[in-house]
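When you get a sec, could you build the whole thing from the sequences and use the hints?
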Amino acid sequence: MFRKAPHMTSLLHKSYLHSMRTSITLPPEYTLKNSITIHPQKLSNPEVSTLNNGLKVVSMECYGPISSIGLFIKAGPRFDVFYPSGTSHLISKLAFLSTNKYESRERILEVLEPTGSVTDCQMGREEMIYKLMGYRDQIEIMAEVLSEVVFRPRITLEEIEKARNLVLNDLKTFSMNPDMEPLLTDYTYASAYSLNTVGLPSVCPEGGVSQIRREHILWYLSAHYRPNRIVLAGLGISHSALLDIAGKYFEQPEVSWGEAKDEPDESIAQYTGGEIRIERNLPPVIGPNPLPNLAYFTITSECVSYEHPLFFAYAVLDIMMGGGSSFSAGGPGKGMYSRLYANVMNYYTFVYSAQSMLHIHGDTGIYSLYGSVPHEFSNKLCQILIEEMKRLSQLPGHEELSRAKKMLQSNMLMNLESHVIMFEDLGRQILVHDRYHNAKELYERLENVTSLQIVEAGEKLLEGKLSMVAVGKLDLIPSLEEVEQVLHNSKKRLDSSNRFKIFS
Amino acid sequence: MSLLVRSLSRFRLLRTQLRFNSTQRFKQALLNNPETQVTTLSNGLRVATENTGLQTATVGLYIDAGSRWETESTNGTAHFLEHMIFKGTKNRTQQQLELEIENMGAHLNAYTSREHTVYFTKSLSVDIPHCLDILSDILTNPLLPEAAVERERDVILREMEEVEKNVEEVIFDYLHQTAYQGTPLAYSILGPTKNIRGITRSDLIRYITTHYHPARIVLAGAGGVDHDQLVKLGEKHFSGLGRTMDVDSFPELEPAFYVGSEVRVRDDAMPAAHVVLGVEGVGWSHPDYLPLMIIASLIGSWDRSVGGGNNLSSKLAQMCSETDWMWSFNTFNTCYADTGIFGLYFVCDKMEIDNVVWNIQREWMRICTLVTAAQVERSKNIFKTSLYMSLNGSTPIFEDIGRQLTVYGRRVPLAEWNHRIDQIDEDVIRRVATKYIFDRCPVVAGVGPIEALTDYNRLRSGMYWLRS
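Heads up: the sequence lines are chains A and B, in that order.
Take the first sequence: its position 53, counting from 1, is numbered 53 in full-length UniProt numbering, and each next residue is one higher.
Take the second sequence: its position 236, counting from 1, is numbered 236 in full-length UniProt numbering, and each next residue is one higher.
If you're looking for bench data, these hints aren't it; they were derived computationally from the structure.
Every residue gets a Cβ at the ideal spot worked out from N, C-alpha and C, and that includes glycine.
Do not take every clue at face value.
As the list claims (entries may be wrong) - Just the calculated beta-carbon pair ranges, DEER-fashion:
no., chain 1, residue 1, chain 2, residue 2, range
1, A, Asn52, B, Glu162, 50 to 58 Å
2, A, Ser210, B, Arg151, 53 to 61 Å
3, A, Asp363, B, Thr93, 27 to 35 Å
Written as structure tokens, this is what we have:
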């Protein structure tokens, strides 16, 4: 069998044969007829509507050929309380699989093919996000698929089995991560809230995944995936177009789970304080050079919710403390002069990481200091971080305060460059606050943070009950009680020799 | 009955019409992107910007120089210089420099690759003049104090330790070492320990005076950046650059030669086998660059913690989800000025390497011979989306402008990308895949428990199919 070679001249007019260095003439459909100009007002202020069934619709315009559409749902591990632990984690692995209309994931991808879209499901502590990002003119196909996968999934036993394996893989990956994220965040929440609301684990506990049955998943979905708990968000689409789409696919969505049996848990988060200690020798990181045997810990105190007037002070305080890990990349601008860098990381070379962490929700919030260090130095680092915490009740310097404010302001504006972040911010804000605070408003509120507010915020942290997590080799890590004593008594220090009294 | 048929056909007509209109609209949206403006200053420095009118911006210098211009004894200088350049200038101490940046809420960063060096700041748009003042100061007046050079050796050696913890980086260094053996592309970016200990202040200064010629530099800006303002600032700060340099003494780029070969670094203590299989690809501006990128998105990638890949056409991803052999795999098409490597990096169970390799090669052969129009169409869409989505924010756009000006001499408009991709069909894909993969000598790098990694001769014989 011979195939005729294509004739060279017939190929030469094809543009892919030209070097990328030479520009090619484009066909006439590429001449710009009338440019799509968008009023600047529409680029920073979204429009919000509520459908009759309670579903909120929010949209904003943007430039470029890509649009995003997604559903933000009040669900997630916070609401796992009446279900086996890890139900949300498993559900997040069941996204974009077979539905009543589309018999397989392959079929869905086939339908989405002309839209060039990327699908994604993300789980937060109190929200689930299902989103699609694709060509601007194909958004209706994306919306139809979105409505199918969220409201009418089949959730077959085979799919559940596969999702269980994905969860188990996650657990393996998390335990090998040198930062201990996100397990450590989970433990931090658990220590601060015992097992209520946000304190529930987001990572499925070891051995727990086999406890979750299909009925649990369906009950969960029927209780939480209701229109009044959902925000439909679109970026790169006009509000009227999104409302049309919402009316077609989200106004009265048929669901595949029948009547709701349960009501969602609406309890308010209760900060309890507490201590979690998990002794273990950490597995070596994959690679030729394993890490030394580290001890990880967090010291946490309650702060405020989003709505509290001190929220902005905490956000600034978090940047002012800053910090990071010793092997993080980045040059000036990453917070080199934040307190945890300048006073801890640069000063004590044994520290692996020292970092400030702020977790805020609609009804509560926590502030933590996180440290990881070779275990023989762990009580030293505890002492150092407690000293840093004590300093929070002192007046901050003018320069460090204005630097922290400026860094936060510019980071916020830089984040808005990104289509992905912009979109998530849009949906989340409507879900949590019911309204959108635009960059200008946040910028000004940050500008108004005073040094007295920082002191007030710091004092509140010191007065409250502490929580503590310690993971790894724990021989030298003090107990929560000792940490509290040192924090409240200026003379007391953590002394390594104390710990060995038992032998003397 | 006939009524039904007619209405069906009418419906179809309507749909195609709608489709046509919407592709038209899509092409219009591609054109509705701000244009890239380019101005060449009298000393040869090019200023290129894309103004998206944001309140923040990334500006910086994209320099056509990297570890590839080094020699065996100077390998590591480009990277060493990148470290030293933040250590203070004739006008600013290191601390002043860092504080100026942090107090503005800006970021200053740099990186070195085999062919390029990049210095940039990301800041509020109003601070662009201040940022450019700092950038020009560190590039034209670096102090490079001897004592700091000495101190920095240990920092770089520590960084080297960190890099060596990352198996992916290690394995790609091995890959270059063997694929381009005997040419400067084989060098690692950090350089050997011996050089890191030996590089002196005068080596660094010589590197600047040889390579940082304005004709090899692009001053690029993206985000909220005004072209005329940047041109003026470029003239103000960089017009003195390169006055003492001789254009005729431009160092020549040594050609790179690809050699099909292998390197195996066995370590049975590691939990999984890491392997790269590759063939010689093409340079940035070669016409076959785009077809190879589409083949790469056709083969796709997979990670066991994420599950099903996004590309249906990827038989390899399908294999991964049906077996538990693979931990992850990634297709890559790395390009340089005149050459490139196309291949696949995978992490798998040590007992299944042979199965995995066999399936990869079967997939490659399938693309050379049997790939279908639908699969190519799907992969083109995936590639287009990833292309448009990668331009997400001012820093990626800045990098794109700098890189394209350096490797293509111009910024290729989105509409042109779109049109070029549209021209590629399954015939092109088969032709290009056959040209670069079929019966070619592969390059292989393996790290970890790789006793069972297929012998080179068997691997080589898997690069063709015997057919009538």
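Here is how each hint holds up against the structure:
| no. | hint | result |
| --- | --- | --- |
| 1 | A:Asn52 - B:Glu162: 50 to 58 Å | 57 Å, holds |
| 2 | A:Ser210 - B:Arg151: 53 to 61 Å | 55 Å, holds |
| 3 | A:Asp363 - B:Thr93: 27 to 35 Å | 48 Å, violated |
Comparing the model with each earlier hint shows a violation of hint 3 alone; every other hint is respected.
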